[in-house]
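Protein chains in written order, with full-length UniProt numbering: chain A, 1 to 417; chain B, 1 to 85; chain C, 1 to 936.
Be aware that one or more of the hints could be misleading.
[Stated by the list, open to error] In silico PhoX-like cross-links for lysine-lysine, where the CA-CA straight-line distance does not exceed 25 angstroms: (1) K269/A with K25/C; (2) K827/C with K624/C; (3) K48/B with K624/C; (4) K126/C with K12/A.
By construction, these hints were calculated from the structure, which means they are not laboratory data.
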Amino acid sequence: MTRHYSALSVIKEGLNGQKGWAPAWRSPKPAKQYDVVIIGGGGQGLATAYYLAKTHGVKRVAVIERGWLGGGNTGRNTTAIRSNYYYPESTALYDLSLRLYETLGRELNYNIMLSQRGMMQIVSSPGEMEMAARQVNAMQINGVEARLMDRSEVQRRVPIFNFAPDARYPVYGAIYQERAGVARHDAVAWGYARAADALGVDILQQCEVQEFLTEGGRCVGVATSKGEIRAERVGMAVAGSSGVLAAKAGFRLPITSYTLQACVSEPVKPIFDTVLVSPMTGTYVSQSDKGEMVIGGGLDRVPSYGQRGNLPQLETVLSGLLEMFPVFRQLRLLRQWGGTVDVTPDSSPIFGESPLPGLYLNGGWGTGGFKAIPAGGTVFAHILATGGHHEISRPFDLNRFRTGHLLDEAAGAGIAH
Amino acid sequence: MQLFPCPFCGPRPETEFHFGGDAGNTRPDAAASDSDWTNYLFFKHNRKGPTREIWMHLTCREVFLMARDTVSHEVSATEALGGEA
Amino acid sequence: MSGWRTQSGWAVDRNQSLSFTFDGKTIPAMAGDTVASALLASGNRIVGRGFKYHRPRGFWGAGSEEPNGIADVQGTQHRPNVQMTLEPATEGLRLRSINGHPTAEHDRMAFLDRFARFIPAAFYYKTFMLPDWHLFEPRIRAMAGLGRLDPAAQGFGPSAPVNATCDVLVVGAGPAGLAAARAEAKAGRKVILCDEGALPGGSLLFRPARINGQEGRDWAAAVVGELRALGVRVLSRTTAFGRYDHGLTGLAEAQANGAAPRIWRIRATETILAAGAIERSLPFANNDLPGVMSAEAGLHYLSRFGVAVGRRVVIATTNGSAYDTARALHEVGAVVTLLDLRGGAEAGKHPFRVITGQPIETALGRRQVEAVRLASGERLDADTVLVSGGHTPSVHLYSQAQGKLRWDDGVQAFLPGAPVAGLRVIGAAAGVYDLARILPGQGVEAAAHGGTLALWPRPRAKGRIWLDLQNDVTAKDVELAHRENLTSVEHLKRYTTLGMANDQGKTSNLPGLALMAELTGRSIPETGTTTYRPPFTPVPLASFAGLRSGQLMNPVRRLPLEAEHRADGALFREYGGWLRPAWYGTGGETAEVQREARAARQGVGLFDGSPLGKIEVIGPDAAKFLDFIYYNTMSTLKPGRCRYGFVLTEGGAVFDDGVLVRLEENRFVVSCSSSHVQGMALLLEEWRQDSFDRSRVVIHDTTANYATLTVTGPKSRDLLQAVGFGTLDDLPHMALSYGQFEGDEVRITRVSFTGDRSYELSIRADRALGLWRRLKDAGRAFDAVLLGGEALMILRAEKGYIVVGKDTDGRTRPMDLGVRGPFEKRKGEYLGRRSLHLPAVAAQARDLVGLESLTPLPLPAGAHVVETVAGKRRSRGFVTTSHYSPNLNRPIAMGLLEGGNTRMGEIVTLYHLGHEVQARVAPVCALDPEGRLLDA
């Protein structure tokens with residue numbers, strides 16, 4: 001059986017009719033007891049399991065997934081990876097993530113197709129240029145590479161942008177982060193799953209948590225559709241289901257769930273090679289390796305668990321896109337879809353022990369969980385292995401919604417995310 | 001495009017409405033503890049399925065109560081707050 | 001050459017010939033042809049290349065399910081990835097195939113197919129990791145993608161969307177849809193009927209049938225005539241692309257003249273889905289060779305366009321529908337052999353050869369099909385192989401309406417299960433294929449479809465069996481996914497890219513699913529169903545944008561005096577959604593803005609402040625209400641007076657600042673920032689209705705009713721007197737008065753955003769022009785200057801007056817701005833009060849301070865005040881505002897700084913884009929700190 005992935009093994013298997021590949025992961029039967037059980041087989045949960053086994057040497061780890069791994073927001077997002085944040089606390093988290101992403105393919109022996117093609121945030125007025133400078137300076141001070149582009153540099157980099165004199169939103173410049181980019185979302189989930197499985201993690205798909213098992217006011221496991229599973233510590237990383245599981249566990253969270261939509265155009269030959277966002281139109285776009293324009297925008301205005309697209313937001317996002325890129329008037333929409341995102345009051349994530357002792361939280365990522373998968377997994381693994389905060393996760397404790405220490409990036413820099 | 005029945009204007013497109021939060025999230029009085037206050041300020045029911053919420057119809061500016069389902073998006077009832085309409 | 005033109009074909013006009021080019025080759029056509037029918041008629045088989053292995057590909061279908069026949073339409077209006085099966089052949093059309101280097105016919109990348117074994121599904125996840133993906137990505141990207149965009153050409157033009165309601169929306173104008181539409185219309189209901197084709201009739205357009213003695217096609221035309229007479233709106237070339245919440249169906253109606261298809265948002269009480277079914281292929285090796293086509297498409301090309309797709313034709317079928325094709329081709333002289341895979345006793349009953357129970361094992365041929373070999377080993381020479389593996393109902397809209405599909409063994413397909421409110425599925429979309437059942441009691445004479453034999457790809461079959469022709473996915477790829485344990489439908493789809501192409505798997509999803517079911521030992525329904533994400537077929541992005549582009553996108557709000565300002569040479573910029581003069585004159589921004597700011601302090605400045613918020617709060621509880629809304633106590637304000645104050649969010653941050661005017665005991669005007677009017681009106685309404693007696697306080701936004709003209713500067717009072725507002729001697733700062741101008745009341749408030757004596761004159765917006773002109777005329781004697789927004793920003797900055805959102809951020813509390821009184825002393829409850837006492841507030845405190853440049857150059861706005869802690873730079877604050885002051889003849893700046901008030905006079909380090917500069921912490925007010933100018 002061929003387990004290691006490389007050009008050589010692909011050639012070898014080519015000669016063998018591709019018949020010798022080992023399964024990417026097993027489909028094990030659940031054990032009765034684990035050291036750590038993680039609810040949620042998305043990127044965050046799988047990465048957490050991987051680092052628990054890899055970094056902390058935790059032997060018995062299970063990931064419980066109601067559906068199919070990577071089937072939630074990990075497989076529905078627009079795959080942008082960036083660390084252009086304002087507060088040092090956010091930078092510590094997201095830049096760790098970007099740095100881990102940079103070597104992740106080799107570490108996991110799975111090509112996640114990280115494409116660091118840069119991310120450009122268009123600036124449309126002199127006043128915004130001052131805010132952009134504030135943002136770029138904050139990033140540079142926090143040790144993250146970023147720069148301001150002027151109009152002519154934006155024009156050289158993205159000649160197909162709308163530079164017409166009567167454009168609705170004139171281009172004054174852009175915030176540019178060179179190391180930002182996109183990665184193949186499925187590959188991130190699958191790469192972590194395969195690597196975690198190889199380290200002995202049990203990935204239990206189609207296994208739904210029905211309730212939490214408690215003893216003496218402490219969470220000691222979960223009752224699932226595949227029976228009771230006990231664990232020393234239980235973690236949850238369940239975007240789109242946080243409210244539901246919190247209710248089962250008997251507490252409320254500072255989270256409202258919304259639909260976030262995305263769509264892709266039909267594929268065309270490469271014409272656009274960065275990630276671009278315009279705060280004025282609220283639209284962002286990149287071109288996938290397959291050639292599709294991957295397009296996203298802001299949240300829907302109605303709280304929802306619907307996981308489906310609709311017209312009002314699509315119309316807003318696409319009108320913004322075409323205003324930015326007149327040549328895309330030649331393109332057609334191929335697919336639209338929606339995911340359920342868990343939005344906190346400050347749009348920053350939540351880490352740490354929940355109000356139910358023994359149950360730990362990794363959630364509230366809003367629209368930004370994908371880019372944070374490696375760092376989220378790293379710090380959550382630390383929390384689950386030690387029971388205490390990682391240095392990076394401490395500011396993201398649930399307690400900040402008691403003290404008022406919110407980490408609102410929009411408040412700091414006017415970035416929608 | 002969802003249609004929300006404003007108790008005053010009848011069914012109108014979702015884009016005309018503003019979400020005001022969970023129904024029954026009463027503002028604590030001046031003596032509230034940090035915990036009571038932040039419960040009110042930040043913590044949500046975020047129900048999956050039937051829920052009751054406060055909405056404003058932006059064009060008529062009336063605030064009302066809406067019972068709806070956050071999965072199917074079916075609206076079961078809307079009700080003016082002051083008993084008018 | 002294989003395809004040829006017969007004497008039949010009702011859709012083409014033999015007297016009107018035309019030509020177009022395909023890959024530079026001239027193709028003759030007739031009026032009525034599609035590009036596909038013309039290419040087939042002239043014997044062109046290879047019309048594209050597979051995107052991964054570059055195998056030659058020909059047409060598979062005749063409609064919107066076509067996976068192979070895709071080309072870019074070139075010209076001044078460029079359209080990539082057009083399905084040639086849907087594209088009408090028109091004179092001079094220029095098409096270029098996709099993935100052919102340089103042409104579909106001759107592709108130098110064709111060698112890739114020889115390496116196919118090394119590049120199976122998902123191979124890219126397993127390689128290209130060393131040294132780095134970035135090295136490989138550009139090449140992979142260049143290989144992928146279908147057509148090209150042409151930046152020099154136009155795209156789709158705008159089309160206005162339409163909202164419509166009706167009792168019944170019928171999707172699909174085939175026999176089922178036509179009959180349903182007629183029945184509903186006759187029952188008096190308001191009906192809209194749409195169909196993606198140019199002509200109604202669906203399968204009647206090509207399948208032989210007689211209905212009540214009429215030719216099927218004529219029956220369809222007659223029904224449409226009846227429908228129109230009954231007032232039914234019939235939309236042709238209109239695709240129902242998606243079903244959305246609350247019964248909304250989205251339609252895209254093709255437009256002429258290069259406009260994007262028009263979006264119809266239709267709300268029907270009932271939607272009848274009669275979208276038909278799409279023919280599937282059959283699993284045999286090399287089933288992707290040009291010449292292997294849908295049996296239905298073969299019939300379609302023949303009866304509609306008079307194009308016989310071959311001369312020696314093998315037809316293989318799992319159902320009865322292909323007999324129509326066989327008969328028709330036989331009748332025009334093709335040599336037909338029909339393979340009825342169901343077995344049975346059809347052999348010998350037909351004028352063409354019928355072989356039963358013998359599936360095709362492989363198609364043979366290099367650049368196109370030349371023969372087939374049957375499971376029995378028999379070889380049949382053929383230039384064309386037409387196949388029918390059964391039909392897949394188009395249940396997309398049902399599924400999008402949250403309907404749950406059920407598997408049906410009889411037709412081997414997913415059908416609508418439990419009914420969905422407001423949606424009915426009929427005809428082939430519901431798995432009913434026989435015309436006699438669709439139109440009962442209507443004298444139908446048509447061949448029966450019968451049941452469908454289950455014949456799906458099998459594991460370990462020899463050769464390459466193609467499932468997804470557009471994404472180049474084979475049965476072996478599905479087996480690989482299974483081997484690697486990516487067995488869920490979603491994993492299968494994503495891992496192999498099955499069904500992810502432009503055709504969204506219309507012909508490929510089900511065979512892939514069936515194979516995975518077989519591999520995992522589950523049934524097809526246990527394995528899952530595919531998801532049907534909108535749109536049904538690709539819809540131009542421009543359709544969704546509608547008219548929202550350019551100036552119609554988030555339209556700016558415009559001043560009543562805009563034309564006057566333009567005539568005065570104003571340059572406009574958008575501020576908070578309003579288009580306002582930024583400065584006047586042609587001398588360049590810096591010079592003009594400095595000139596204006598200087599002149600205003602010397603004489604008098606005229607500023608159009610019309611967007612200033614003017615929200616009235618009226619009623620006996622108005623004062624009590626505003627005490628709650630404002631951080632500052634407002635009930636103690638006397639009528640006729642004004643007070644500056646803050647409004648906080650419930651979280652305690654500064655939401656807005658501004659002047660509150662008490663017009664009367666029970667009537668106030670909230671003068672909020674122009675960019676915050678909407679938000680403030682919303683906030684006031686929410687709290688009014690949440691916490692107050694609504695009969696005792698009301699909110700009325702009069703912002704747009706009045707224009708507000710600001711007169712500022714030492715000569716402002718003199719100017720107003722000259723204009724006729726009296727001496728205004730008894731009007732102190734922060735007080736209200738009224739005047740008259742040409743019979744209209746003018747509300748005069750003496751408030752100042754410049755630090756100079758200032759008056760704000762509010763007058764009916766439609767009468768503002770006269771007043772503004774009078775001020776300008778009379779102003780000449782006082783050296784009056786027109787002030788744009790940029791100069792005003794300097795004037796207010798000289799005084800240290802803030803702009804919320806610029807000099808504050810989402811963490812700024814009023815104490816940071818030096819206003820601590822209410823926080824420390826106020827008794828009553830107000831918005832955000834409790835949040836000011838959360839532990840974080842003290843920890844996050846900063847002070848708004850002035851920052852003095854140590855050089856003649858202004859400090860960079862956006863620079864951070866930095867300190868080095870443990871070898872690392874840390875931000876302690878930032879510059880929010882920076883200008884050169886023409887009145888102080890030096891740079892001025894403001895910023896938020898941790899502990900700022902305790903650091904007066906200190907030199908701090910600013911960091912800006914890699915450089916450091918020094919600045920001195922100073923009081924925020926740089927000019928006239930004693931406030932003498934207010935009364936000068």
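Open item on the list: For a C-alpha distance cap of 25 angstroms, please report whether K827/C and K624/C respect it.
Closed with: Measuring from Cα to Cα gives roughly 13 angstroms; hence the hint holds.
TODO: Measure nothing beyond the straight line between the CA atoms of K269/A and K25/C; if it is 25 angstroms or shorter, mark the hint as holding.
DONE: holds (23 angstroms)
TODO: Sort out whether K12/A lies within 25 angstroms of K126/C, counting only the CA atoms.
DONE: The hint holds at about 12 angstroms.
Task: Given hint K624/C paired with K48/B - CA-CA distance at most 25 angstroms - done: violated (39 angstroms)
In terms of the numbered hints stated before, the structure departs from hint 3 and from no other.
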